[in-house]
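Build out the structure end to end from the sequences listed, making use of the hints.
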Amino acid sequence: MTQLLVASEFSPYLGGRVYDDGPFSGQEFREKFLRPRLLAAIEAQAPLHVVFDGVAGMPTSFLEEAFGGLLRTTPNLNLEKVRGYLRLEAEDPELWPFLKLAEQYMSQQADRSH
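The opening position of the sequence shown corresponds to residue 805 in our numbering, with each subsequent residue numbered one higher.
FYI, nobody ran anything at the bench for these hints, they're computed from the structure.
Hints are not guaranteed to be accurate.
Per label pair, the in silico range of CB-to-CB distance [as the list claims (entries may be wrong)]:
| hint | residue 1 | residue 2 | range |
| --- | --- | --- | --- |
| 1 | Lys904 | Ser815 | 28 to 38 Å |
| 2 | Glu895 | Asp824 | 15 to 25 Å |
| 3 | Gln849 | Asp824 | 19 to 29 Å |
| 4 | Ala848 | Gly826 | 31 to 41 Å |
| 5 | Pro901 | Tyr817 | 28 to 38 Å |
| 6 | Trp900 | Phe837 | 15 to 25 Å |
| 7 | Tyr823 | Gln849 | 26 to 36 Å |
| 8 | Ser812 | Ser917 | 28 to 38 Å |
| 9 | Ser865 | Trp900 | 16 to 26 Å |
| 10 | Leu809 | Pro897 | 14 to 24 Å |
| 11 | Pro897 | Gln807 | 14 to 24 Å |
| 12 | Ala848 | Leu809 | 10 to 20 Å |
| 13 | Gly826 | Ala850 | 13 to 23 Å |
When the alpha-carbon atoms are kept at most 25 Å apart in a straight line, the in silico SDA-like pairs for lysine to any residue are as follows [claimed, not checked]:
| hint | residue 1 | residue 2 |
| --- | --- | --- |
| 14 | Lys904 | Gln849 |
| 15 | Lys836 | Leu903 |
| 16 | Lys885 | Ser865 |
| 17 | Lys904 | Asp915 |
| 18 | Lys836 | Glu847 |
| 19 | Lys836 | Ala860 |
| 20 | Lys885 | Asp915 |
| 21 | Lys885 | Ser911 |
| 22 | Lys836 | Leu883 |
| 23 | Lys836 | Glu813 |
| 24 | Lys904 | Arg841 |
| 25 | Lys836 | Asp824 |
| 26 | Lys836 | Glu893 |
| 27 | Lys885 | His853 |
| 28 | Lys904 | Arg916 |
| 29 | Lys836 | Ser917 |
| 30 | Lys904 | Leu875 |
| 31 | Lys836 | Gln912 |
| 32 | Lys904 | Ser917 |
| 33 | Lys904 | Arg887 |
| 34 | Lys836 | Ile846 |
| 35 | Lys836 | Gln908 |
| 36 | Lys836 | Pro816 |
| 37 | Lys836 | Trp900 |
| 38 | Lys836 | Leu905 |
| 39 | Lys904 | Leu809 |
| 40 | Lys836 | Gly861 |
All C-beta atoms, glycine included, are put in the ideal place defined by N, C-alpha and C.
Quick look at the structure:
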């Protein structure tokens with residue numbers, strides 16, 4: 805099992821959608837953290853646990869760009885494979901709706917791709 809601790813490894817203050825929106829964007833998270841770590845997890849055939857505890861909030865534009873964008877911008881990566889290896893987690897129940905939203909963004913992107 806591999807963990808990506810968002811608050812300590814990336815930032816507790818998640819930003820907007822893309823680099824132009826300021827620091828700690830969903831695009832930056834996807835390109836520099838999420839995609840490389842997920843592809844390494846798939847290669848190792850071990851799940852990647854992305855843990856959101858400690859973040860101050862989860863902007864929807866960040867989530868859509870990071871997680872919807874993961875499928876939109878990564879060739880040969882489909883929803884089935886992502887769901888097989890990616891685990892979105894938080895102990896804080898206030899974050900759970902945002903984790904479901906991130907899952908929804910991936911599903912919507914997969915639907916658009918078909």
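Here's how the hints hold up against the structure:
{"no.": "1", "hint": "Lys904 / Ser815: 28 to 38 Å", "in the structure": "violated (22 Å)"}
{"no.": "2", "hint": "Glu895 / Asp824: 15 to 25 Å", "in the structure": "violated (33 Å)"}
{"no.": "3", "hint": "Gln849 / Asp824: 19 to 29 Å", "in the structure": "violated (36 Å)"}
{"no.": "4", "hint": "Ala848 / Gly826: 31 to 41 Å", "in the structure": "holds (33 Å)"}
{"no.": "5", "hint": "Pro901 / Tyr817: 28 to 38 Å", "in the structure": "violated (19 Å)"}
{"no.": "6", "hint": "Trp900 / Phe837: 15 to 25 Å", "in the structure": "holds (21 Å)"}
{"no.": "7", "hint": "Tyr823 / Gln849: 26 to 36 Å", "in the structure": "holds (32 Å)"}
{"no.": "8", "hint": "Ser812 / Ser917: 28 to 38 Å", "in the structure": "holds (33 Å)"}
{"no.": "9", "hint": "Ser865 / Trp900: 16 to 26 Å", "in the structure": "holds (19 Å)"}
{"no.": "10", "hint": "Leu809 / Pro897: 14 to 24 Å", "in the structure": "holds (18 Å)"}
{"no.": "11", "hint": "Pro897 / Gln807: 14 to 24 Å", "in the structure": "holds (20 Å)"}
{"no.": "12", "hint": "Ala848 / Leu809: 10 to 20 Å", "in the structure": "holds (18 Å)"}
{"no.": "13", "hint": "Gly826 / Ala850: 13 to 23 Å", "in the structure": "violated (33 Å)"}
{"no.": "14", "hint": "Lys904 / Gln849", "in the structure": "holds (24 Å)"}
{"no.": "15", "hint": "Lys836 / Leu903", "in the structure": "holds (20 Å)"}
{"no.": "16", "hint": "Lys885 / Ser865", "in the structure": "holds (23 Å)"}
{"no.": "17", "hint": "Lys904 / Asp915", "in the structure": "holds (16 Å)"}
{"no.": "18", "hint": "Lys836 / Glu847", "in the structure": "holds (17 Å)"}
{"no.": "19", "hint": "Lys836 / Ala860", "in the structure": "holds (20 Å)"}
{"no.": "20", "hint": "Lys885 / Asp915", "in the structure": "holds (15 Å)"}
{"no.": "21", "hint": "Lys885 / Ser911", "in the structure": "holds (12 Å)"}
{"no.": "22", "hint": "Lys836 / Leu883", "in the structure": "holds (20 Å)"}
{"no.": "23", "hint": "Lys836 / Glu813", "in the structure": "holds (11 Å)"}
{"no.": "24", "hint": "Lys904 / Arg841", "in the structure": "holds (21 Å)"}
{"no.": "25", "hint": "Lys836 / Asp824", "in the structure": "holds (16 Å)"}
{"no.": "26", "hint": "Lys836 / Glu893", "in the structure": "holds (19 Å)"}
{"no.": "27", "hint": "Lys885 / His853", "in the structure": "holds (14 Å)"}
{"no.": "28", "hint": "Lys904 / Arg916", "in the structure": "holds (18 Å)"}
{"no.": "29", "hint": "Lys836 / Ser917", "in the structure": "holds (23 Å)"}
{"no.": "30", "hint": "Lys904 / Leu875", "in the structure": "holds (16 Å)"}
{"no.": "31", "hint": "Lys836 / Gln912", "in the structure": "holds (23 Å)"}
{"no.": "32", "hint": "Lys904 / Ser917", "in the structure": "holds (20 Å)"}
{"no.": "33", "hint": "Lys904 / Arg887", "in the structure": "holds (13 Å)"}
{"no.": "34", "hint": "Lys836 / Ile846", "in the structure": "holds (16 Å)"}
{"no.": "35", "hint": "Lys836 / Gln908", "in the structure": "holds (22 Å)"}
{"no.": "36", "hint": "Lys836 / Pro816", "in the structure": "holds (16 Å)"}
{"no.": "37", "hint": "Lys836 / Trp900", "in the structure": "holds (24 Å)"}
{"no.": "38", "hint": "Lys836 / Leu905", "in the structure": "holds (21 Å)"}
{"no.": "39", "hint": "Lys904 / Leu809", "in the structure": "holds (18 Å)"}
{"no.": "40", "hint": "Lys836 / Gly861", "in the structure": "holds (20 Å)"}
Of the numbered hints given earlier, the model fails hints 1, 2, 3, 5, 13; all others are met.
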